[in-house]
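Given only the sequences and the hints, what does the whole structure look like? Please build it.
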Amino acid sequence: MPLLINREVVTDNWTLVKNEAFEENASIPAGDIIVPLTTYLAHNESLTARTEQVSIQINGDDDLTAVLENLDQFPLIAIDFPAFRDGRGFSIARLLVREGYKGEIRATGDIGRDRLAYLERCGFTSIQIDDETYTPEMLSAFDEMSNYYQSATDNVRAVYHQ
Amino acid sequence: MYQYNEVDQKLVDERVEQYRDQTRRFLAGELPEDDFLALRLMNGLYVQRHAPMLRVAGPYGMYNSTQLRKLAHIARTYDKGYAHFTTRTNLQFNWPKLEQVPDILAELASVQMHSIQTSGNCIRNTTTDQFAGVIADEIEDPRPYCEIIRQWSSLHPEFAYLPRKFKIAIAGGPTDRAATQVHDIGLSIVKNDAGEVGFEVLVGGGLGRTPVIGKQIRPFLAKEDLLSYLEAIIRVYNLKGRRDNKYKARIKILVQAMGIDAFRELVDAEWEHTRNTDLKLPLTEVERVKAFFKPFDYDSNASNDTSLAQKLAEDDAFRTWYERNTVEHKVAGYRIAYASLKPYLKPAGDVTDAQLDLMADLADKYSFGEVRATHNQNLVLADVKNSDLYSVWQVLTEANLARPNIGTLTDMTVCPGGDFCALANAKTLGIADQINRKFEDMDYVHDLGDLKLNMSGCINACSHHHVGHIGILGVDKKGEDWYQITLGGDDGSEAALGKVIGKSVASDEVADTLQKVIEVYVQNRFENERFIDTFHRIGMAPFKEYVYAPVN
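Those sequence lines, one after another, are chains R and A.
Just so you know, we're using the working numbering here: the first sequence kicks off at 1 and counts up by one.
Just so you know, we're using the working numbering here: the second sequence kicks off at 1 and counts up by one.
These are computed hints drawn from the structure, not numbers from a lab.
Quick reminder that beta carbons are idealized off the backbone N, C-alpha and C, glycines included.
Any given hint could be a false lead.
[To be verified] Where chain R lies over chain A, by a calculated footprint (3+ residues, C-beta under 8 Å):
1. 17 to 27
2. 231 to 241
3. 269 to 279
[Stated by the list, open to error] Not everything, but these chain R residues come out facing chain A in the computed CB check (under 8 Å):
4. ARG85
5. GLY109
6. GLY112
7. PHE142
8. GLU144
9. TYR149
10. ARG157
11. VAL159
Rendered as structure tokens:
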């Protein structure tokens, strides 16, 4: 799955691991992994014992209290968009930035071209796109609008401060 | 009114090109239908029963004459020669071609208009009092704040995919002509004990399937805090609002479920983080935007006019119109004049291209080039000199825009209903005609006085039937259209939700039933008592008893 950082496709060093990988007889891939928060909490002991890096994937249904209190534990936090109509991830990203999170904030899930600029504006630093959805042409979506009225997590200031 | 600067213009121009490309990719099969659906909704384009419907934003109801002429041109060129004003003071075209919509948007951008966020689960057009800036009872003109909210909410990156649509209204003072109590957020300009002007904030009002009166979340909000506080409310809603059921997704359900106090705590906690950030509104910005809404250069000799009194004495038809369709202006010698979009046996809120052109001409000649749309689907010329009223009336009469029925029973607010709308359970337009036929006698209607009648074709309540003094709701019973009648609703300062009078009535009995309701009112009213006041005094029982009395 293509990963965008700074509006460019880059090599992805992380593997997104679903809960099924933790079932009996299943195997967890080697290397740095991202696991859903619920899985992370359920398998906390074995995961912290890993030598490779472990990060979490969260979504709007998760209770984020503990995550927000322990942000420095995670080099990366993936925020999942289970459906394109579900806009909670935009607010969650802003909360992470506001709480001082400095790691990678990655968007995963149902992400289309039209949301790329909004994701960037809300503080996402990487965007993972499905193979079927991705086209090189998508990258031009970032530049379609050259200015915005309101401030967000990016460097755009509110229009009355510009 | 507000004039675009380079930033505003560039934004709408770029938006047009963005949408043009999205349409191209959809038509070329590169963009899946579902993805395009979300994009076209963000640009006000629905697919209706017969054709796409394009909803153009009329920011807080303001239109200038250049814009009206452009809208007339669009109606003529891209549609069937008419358009429809909505209860959000927007304008809908019912027959545009999907592939021509980018061209229409480009036409709109050329006159500082757009259709951004007129649909979709985002922050919609902010509405306000149609008398903003020209009525004596307001504390401050609410339009500058509407414009500030328009800018802040346009293409807001965080709030484009809320659980559900989000509507904000602002009233300029204690008299609420903007239905603020039935909005997701209702703001009223208030003055606190220290004499400072700010906003009372209500949250969680709304109509639709679960009508709710908004609750006060903050008695006084300083102007500088307007945007940070709105952002705090909407962030909490975006994170906590239900997404599993679209009928439970509005903020009113969240506020009801949590209770207003718990909701307020969350908002305040959020607000603490943001109130001293970039969102703090500089008062210089408020002043900059206010400058666009300065009072016009009114003629100080206007009050010396004697011709109006003479015309009123001479011409009964003119006097009737004057009494019903004009309102006192805060400047002596001027009146606020309505153009009624509720003519006899025509759909409420519809206008032809010729009528749009004519309103533009009237505005240029008599009202500083501006026209306002009201949330009851009429138009207003806000600044007409007394000496010009007779001429205005004559022109309006010629154009079938002078029916003297503002605020009366035949000034119905009606959605397009089952004839046009795919969501509707029942038709509305035929019922409106039936009521118009029954209550054709103008003297009788005038004698009934202020009476707000709202009719919706389904429980989505686009025509706000819950807050009509009399509300009519179309329901489907085994494939037939039936109508449920409610009494006692109000969207003014004493907002209330109507109560159902009894079992629903068949489509051919609506006007007769209404007649019975009116008869109870007429028998019981005190002199000059409005329907709604009589209802409050005598209650539902006498109405119910008479309407459902067994036929002997």
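Hint check:
no. : hint       : verdict
1   : 17 to 27   : holds (count 4)
2   : 231 to 241 : holds (count 3)
3   : 269 to 279 : holds (count 4)
4   : ARG85      : 6 Å, holds
5   : GLY109     : 12 Å, violated
6   : GLY112     : 5 Å, holds
7   : PHE142     : 12 Å, violated
8   : GLU144     : 4 Å, holds
9   : TYR149     : 4 Å, holds
10  : ARG157     : 6 Å, holds
11  : VAL159     : 6 Å, holds
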